[in-house]
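Chains as they are written, first to last, in the numbering used here: chain P, 1 to 328; chain B, 1001 to 1333; chain R, 2001 to 2361.
Simulated from the structure, these hints should not be mistaken for lab results.
Bear in mind that the values here come from a model prediction, so they are computed numbers and not experimental data.
Treat the hints with care, since some could be wrong.
If you anchor each label on the Cβ, the simulated ranges turn out as follows [said to hold, decoys possible]:
(1) R:2147 / P:227: 18 to 26 Å
(2) R:2038 / P:274: 50 to 58 Å
(3) B:1046 / P:302: 49 to 57 Å
(4) R:2292 / P:296: 53 to 61 Å
(5) P:45 / B:1319: 45 to 53 Å
Result set (DSS-like, lysine-lysine): computed pairs, CA atoms no more than 30 Å apart in a straight line [claimed, not checked]:
(6) R:2182 / R:2136
(7) P:225 / R:2160
(8) R:2003 / B:1272
The following residues of chain P were derived to be distant from chain B, with all beta-carbon distances above 10 Å [to be verified]:
(9) 84
(10) 120
(11) 194
(12) 275
(13) 302
(14) 325
No residue lacks a Cβ here, since even glycine has one placed at the ideal position from N, Cα and C.
Each chain, letter by letter, is given below.
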Amino acid sequence: MLTMSEALREAMSLAMEERPEVFILGEDIGIYGGAFGVTGDLYHRFGSERVRDTPISELGIVGAAVGAALSGMRPIVEIQFSDFTAQAMDQIVNQAAKIHFMVGGGLHVPLVLRAAGGSGTGAAAQHSQSLEGWFANVPGLKVVIPSSPYEAKGLLLSSIDDPNPVIFIEHKLLYKIPGREPVPEGAYRIPLGVSRVLREGKDLTVVATGIMVSRAMAAAEELDKDGVALTVIDPRTISPLDMDPVYASLEKTGRLMVVQEAPEHGGFLNEVIARVATGPSLGHLIAPVSRLAGMNIPIPYAPQLEKAAVPQIPEIVKAAREVVANWR
Amino acid sequence: MTTLELLTGHPLGSSANARYALLTMSRIRKLEEAVEDLFGRGMMHGTMHLSIGQEASPTGVCMALEISDQITSTHRGHGHCVAKGADLMRMVAELLGKENGYCGGRGGSMHIADVETGNLGANGIVGGGIPIAIGAALASKMMKKGTIAVSFFGDGAMNEGAFHEAANLAAIWKLPVILVCENNKYGMSSSTELAFAIDNLSERGLGYGIPGYTVDGNDVAAVYEATEIAVKRAKAGEGPTLLEFVTYRWKGHSRSDKNLYRTKEEIDEWKKKDPILFFEHVVRDKGLLSDEEIAEVHAQATSQVIAAVNEAMKGKPADPATLLDAVFKKVNS
Amino acid sequence: MSKFEYAVIMPKMSMTMEEGELLGIRVNIGDAVKSGDILFDVATDKIDMEVESPADGVVKEIVGQVGSTMSVGAPVLILLTDTQVMSFDFNTPSEPELRTEEVIQPAPVVTLEPVVVPVVEKTVMAVPKARAVADKRGINLQSITPTGPFETITYEDVNKLSGITPHAASVVETRKAANRKKVAEALELTRGIPQMTLSRFSSHTTTSLEQGSAHLVSIWARIIRSNAHINVSTHDESTHDFIGVGLIMESKYGLAIPVFRDPDLSPGVTLQEWIQTTRVQALDGKVPVQMLSGATTSIFDISHTKISSAIPMLLPTHTTALSVGAPHAAFGESEINLTVDLRFCDALEAANLLDQLIDAL
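The whole structure should be built from the sequences, with the hints applied where relevant.
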């Protein structure tokens, strides 16, 4: 079973073989193989022009990627930690996201920005954030969060194909773990903007992103023993967001739970709740919405503190059990 | 070297080129005056950043470029856009928020791009266009297009981190790019004397391993000559060049600028160095254009601008109904 | 002679500015000015500005009054010049939609009388689906005991509700009214149809409801079967391949007209049971869906009541309608009325049908 790093590498390799205009740039991605080993041996296979090491200049390299994308290339930028996107914000938010709109359609930016996010490695506050909410709130960016190696490969290939800027956020903890689903050989594409229902159960609809998807699935298996049946939905693309499977599921379960790692206040999955609350789906609810999210704190360092800061499996199990029991 | 020396046997020293240079500078001047008038009457929304007094820089640079070469521009970008070959009517239509403007009314003055003439766009962020030009040059090199990229920016942008990062990348990768700093002595209100500890901004090139030249930005022939040197370097694969064109803007930074940070005397002094009057003097002196021909060029520029404005006014205002569809490019289109 | 007259205007100095004050004029009529010379000073609340001459020329006329407030674009003075100044006076008002930043006038201060706040009933807490269900079924949430957290009515609480509570009675009333309205609307549709009613008397009708009108229904169906041309739907003139007889009966929400298909093909006892079962269902408001359509005739059997006759009205798409009244106290004969749609059955045929019925009874 492939790990997520391997799946991502395969995707990039296939894309670079298919299209000469695809190239990767980032810090330590060349001979070093990438801080998390994702680019691996691509440097040896495709050379230093197409797997291009850069100095520590996030703003400069994202800007260069924008310029290259405007001129016919399809760059993949690797930002070592998603926290460092802050250095490059002007080129991401003010330039890449807006150029197509501002110039009235004559230019577009086919750029993929891959970044490693999330906590659990003891890297502490400035190297552990989940910032997808920032980007989801900027019109003109697509935001994708793979939850497994299978998702990662198919979604990355689709992101490279997309003529618009895509922010592709990978969870650090998922890089080295083999997935539960086999990753097909060769190229396959998972369309952007399509949510996936991983399992169905009549008691509760759980919408989760990133690493919370596998935690929700583990919680669901635990709850099966007690006869509490969960539906788990992974949006995969959080912007644009596909809510249809959520609405369909709520008709059957009447209970909604959202689970994300990002801090609760202003977090992205609030959008899921908002769409339910502002539409006819509200009439299906037989319980208030449950929201499990990171604490409103910077990620702390010590392992027990770090774990406590974000939702874990037992928490999901407990919350699910409670809502199903209390709201009949 | 003075312009008089430059013009001897100089490519710009032909009547045709002299005419073209004068016409371009005049078109920019007239367009900016028209924009100022329309804005003053409340017919244009937002704000305008006029480049009156700085016409020589875009004119001289773009005369040394091909149409397929690319430029990125600034918030004060009307001159760059015109010099690179833009359609005046579509520029004005954009400023008037019309459907047939360059950006369909969605971009405004600071975001006009003209793909066909290689203009990757003006930019509302100081320094925003510099890394983008570096990227365009990178693409040209990787795709072996043989074109070069030019980044126009001001003295203010040289202090943005983006300049530093982009300049370094251009240097280490030997990219076919020209970094053009139009030093008009002021950021918004901060003078270069206060914002820099050096006198000639081109000296900063040294820090990156890039050759730098400081040139009189109001002398269109000198601008052209310097750009030619940089173009040759770029095409020979020798990498980037930093050009500093010293010039001056007559009008405030934008419309609401009261010019508190400079004196009327300073403005008047610089108005005497009007790039258009200077060039007229030179070409008259060299026998390249007669008084009548000069007047004719200005009349032509005037009528072109007037026609553009009148035509643009007839356009339909941009329709909000199409906004949502305009954010993303459709996949497979 | 100067070629152009150019009006130097009150300029727009900021996005929100609509008018400015003319502070002072620095030139006089007849003065020669150079491009860049200051002509006059203007101010808004935020900015003052010196307005320069756009070209060399001579001051021809002074239009603005010092100290006055002028609109953006209004001419302050007229210049005579040889230069063609870039000037565009399209005389269109600034697009009104651009004025998004209106200056908002502060509301005038008003002293309010102290208001007596009426005591408002506390809102009932209920989950959204419970509200939706309660609303649909006309259940008053106040009548439900909540079992959920924070005293919230759960979905289960609302579903548990069965039987008629004082508030449920209102549900029946609402449904009855709706039903009545529906029937009335249906009859409205048939009012314009040319129809005729014929009557005959018969001494062979039953007065017992237990007999369930089965006899009548069966015979009438048989008669229609042998007069196939009236077994059509008047809506599209399609013939049915069965005989559908609607029997008007009492239901939970007023009158219902369940349709019995091919009742003459059922043995008498079976038909009786069938009709009886249907009566029970109707009283419960639960007539099966398949019995709600397909009739081309209807029977209004009031022979068990004291009503001597009722003129039956054609229901939409039906060709005939039959009613059977109570037997005469003295003579023992019931008045039978047959109404026909003249487009499908003329008076002679109608008389014929009636004869057949009387003979069969």
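Checked hints:
no., hint, in the structure
1, R:2147 / P:227: 18 to 26 Å, "holds, 21 Å"
2, R:2038 / P:274: 50 to 58 Å, "holds, 57 Å"
3, B:1046 / P:302: 49 to 57 Å, "holds, 52 Å"
4, R:2292 / P:296: 53 to 61 Å, "holds, 59 Å"
5, P:45 / B:1319: 45 to 53 Å, "holds, 50 Å"
6, R:2182 / R:2136, "holds, 19 Å"
7, P:225 / R:2160, "holds, 28 Å"
8, R:2003 / B:1272, "holds, 26 Å"
9, 84, "holds, 13 Å"
10, 120, "holds, 31 Å"
11, 194, "holds, 12 Å"
12, 275, "holds, 16 Å"
13, 302, "holds, 34 Å"
14, 325, "holds, 43 Å"
Violated hints are absent here; each numbered hint is respected by the structure.
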